[in-house]
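Residue numbers (this note's numbering), protein chains in the order written: chain A, 1 to 113; chain B, 1 to 112.
Each hint should be verified, as a subset may be incorrect.
[Claimed, not checked] Here are the simulated distance ranges between beta carbons: (1) LEU46(A) / PRO70(B): 42 to 52 Å; (2) ASP63(B) / PRO79(A): 45 to 55 Å; (3) LYS61(A) / ARG9(B): 23 to 33 Å.
The set of hints was computed from the structure by calculation and includes no laboratory data.
These numbers were taken from a predicted model, which means no experiment stands behind them.
C-beta: ideal position from N, C-alpha, C; glycine also.
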Amino acid sequence: AQSVTQPDIHITVSEGASLELRCNYSYGATPYLFWYVQSPGQGLQLLLKYFSGDTLVQGIKGFEAEFKRSQSSFNLRKPSVHWSDAAEYFCAGEVDNFNKFYFGSGTKLNVKP
Amino acid sequence: DTGVSQNPRHKITKRGQNVTFRCDPISEHNRLYWYRQTLGQGPEFLTYFQNEAQLEKSRLLSDRFSAERPKGSFSTLEIQRTEQGDSAMYLCASSSQGPTQYFGPGTRLTVL
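Chain B extracted, bound-state conformation (with noise of 0.2 Å):
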């Protein structure tokens, strides 16, 4: 049983590009959250899907993030015209019947 898997494992770039990041989830995991975790401090939700579906969004969820699991399995992370404030690690976590959430390695980027 593979874990979740995250990539790239670290992005830099220059303010105002785009980014996408990609999480695999455990095979057959139903359930997938974004949680994005700055220097510091815990992880704050970003957004789930149930299987495809996109059912919340965090208000931390601007305008310029949109995320996406289009087939059900793996889900993108994208953020246009990054802003320094954006820098911090990217976690992806899966789960399937329970509550319980399984992380993977996270994406952490730098926005220059």
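Isolated chain A, as found in the complex (with noise of 0.2 Å):
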């Protein structure tokens, strides 16, 4: 069955540390995958997707995605968070000639002063 995993619920940093987020998905071919952002109450922000090609991503904000085939891996990096990058993240992919998108079940990051 097709399906992506958030591993961690909770992630809590300091501000100006570095943060990874991870993503996996279970797919019978490559997928289409993608990270976005939800500020509490609101929709969903697109930060990067990965088509094919560059492994490595480069999103908006600062945010990066490195796919890795080996492992069935799409994690999120940012070299430095600030306090407004607190939010919760979702890792989608998607397989089905442009049909439906399966979420994972988020991650939420708290980030520390």
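Got two chains here, each in a separate frame; can you build the complex from them with the hints?
Below, the structure written as structure tokens:
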């Protein structure tokens, strides 16, 4: 079955520290992969996406993600976290001809001053 | 380029009432999607349209739920005889030529 897993429900980091949020996928073929961010009570904002090619993709707000086929992973990283990055982050995958997304359950990021 | 808009942003209703939500996609986006998100979970797919054709419906979409996109532009999602379990955030997204979906701000439904 197609699925996306985010193993960490909550993560707390200090402002200025580096961040890595984990995402694993389970698909028959390599999916299109996305990271979205959601602030409380808001919709989803696209951070970055991977379709093919270069496995390290850059996104908005200083985020990047690396696709690793051998590990079925697409982890999100940021070298220095800002207090405004506190939000919930969702990984999503799609493989079926621009059809529905499968989302992970999200990782809530808290940033300590 | 305006984004996806949804109305209302919040809806409080009593159990058994009918509710209708509206989604206006990004102009000229031919695909439109509905998702439901409950507290602490990621969004779950409900249904999607290509132009006015509804091409797929999730098993989550019980017979109390109906979605339309009559002219291939805006879409409505109606829930009849609401139940407390319908309380959730309902998200709409749209896309054009590629797989990237752009999401609206959502409609938060509370069923009392």
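Structure-based check of each hint:
no. : hint                            : in the structure
1   : LEU46(A) / PRO70(B): 42 to 52 Å : violated (28 Å)
2   : ASP63(B) / PRO79(A): 45 to 55 Å : holds (50 Å)
3   : LYS61(A) / ARG9(B): 23 to 33 Å  : holds (24 Å)
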